[in-house]
Amino acid sequence: MQTEATPAEADVSELDLVKRCQAGDTDAFDQLVTRYRQRIFGMIYNMVHNEQDAWDLAQDSFIKAWKSIARFRGQSSFYTWMYRIVTNVTIDWLRKKQVKGTGAEFDDSIELKTIEPGSRTVPKADALPFQRMEQNEIRARIDEAIKELSPEHRAVILMKETEGMQYHEIAEALECSIGTVMSRLFYARKKLQNLLRDVYENV
Amino acid sequence: MFMKTFEEKWTAWLDGELRGKDLAEFEASLPDRAAAEAEKIEAQKLGTLLKRELSARAMGNEEFFNHQLRGQIEAESITKRDESPRPGFSWSIGRLFWTGATALALFVVCTFFVMRNKEPADQSQYLSQILNARVDPALGPNATISMFQAKEDKVTVLWVDGLQTLPAEYAAK
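Chains as they are written, first to last, in our numbering: chain A, 1 to 203; chain B, 1001 to 1173.
In isolation and in its complexed conformation, chain A is listed as follows:
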């Protein structure tokens, strides 16, 4: 899995950083945040489809991680452990939102940034207006389709397809069996295939 660590940062092992965090070193935690903030934010954004909510949930997730880092035993990677916190925080939030029924989930789909594949933070070049419109349309379709999935199915499909996580990593992050992960993937893919067939066939 990719991280956004610079070579100098990558020299410091994740485990060392975790140990320093456990000793109360906030600078070490800052380095871990820097490594994973983009991926965590991206994952949450794809589940909640709102930048501000994704930002807040990412903050909440990292705060929870800091508070409970003393309990991290290193049985899984920090990244997987962090994902467990992220998915719990996000799924809880989505469930509460569903219960409250606060209306449309997608408030900023029109303002979606279009970023070149492979780009880390900044688009390499602005797309032409019609291309941008087309991309926005595709992104909106995907967001609408993902919205149709349950929070658990969203988490599974995003971890698998966008994060490239293995079944066992997803199972650890979601605290369920590998069989459950595979079963959720089956249904999530079926549903998305039905909803997005015309998109992926024409792109």
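Zero decoy hints are in this set.
25 Å max Cα-Cα, derived SDA-like pairs, lysine to any residue:
no.: 1; chain 1: A; residue 1: K67; chain 2: B; residue 2: T1079
no.: 2; chain 1: A; residue 1: K96; chain 2: A; residue 2: Y187
no.: 3; chain 1: B; residue 1: K1004; chain 2: B; residue 2: I1041
no.: 4; chain 1: A; residue 1: K67; chain 2: B; residue 2: Q1068
Think of the hints as simulated: they come from the structure by calculation, not from any bench.
Position chain B relative to chain A; hints supplied.
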């Protein structure tokens, strides 16, 4: 990887996780191999689309994200410090338990001794007995003299009623 259901096997097959005997068995069990292969290609297209469209979402103001997080962590630490009790008062659960148990035992012992020495409630504190009630009829035919003695023998009350004068032997010397 042990797979029980069709959904699990199908997912593993799509992701190229089925191998050897498992793969051969699964592919042999498919009623329409061509349709399954077509669906596999569709699932791969979907995966490519999702990866391309969803993985590039970037966070703006990254440094501010860290700054805000540090601020929250600091605030949490300050709150935690303020909420934590002063060292002199930090009694553990065990210490509290033993203190409570000792106090209770002391109370039970004291109560036992107090109750043992206590007189029945229906007896007056000034329970007394008549020690002498002899009156010379010549001195006073209607006279009665009663002497009450408090139970702890510290107070004696002489109750004289119906006498004209105090007999000489009772007069103060």
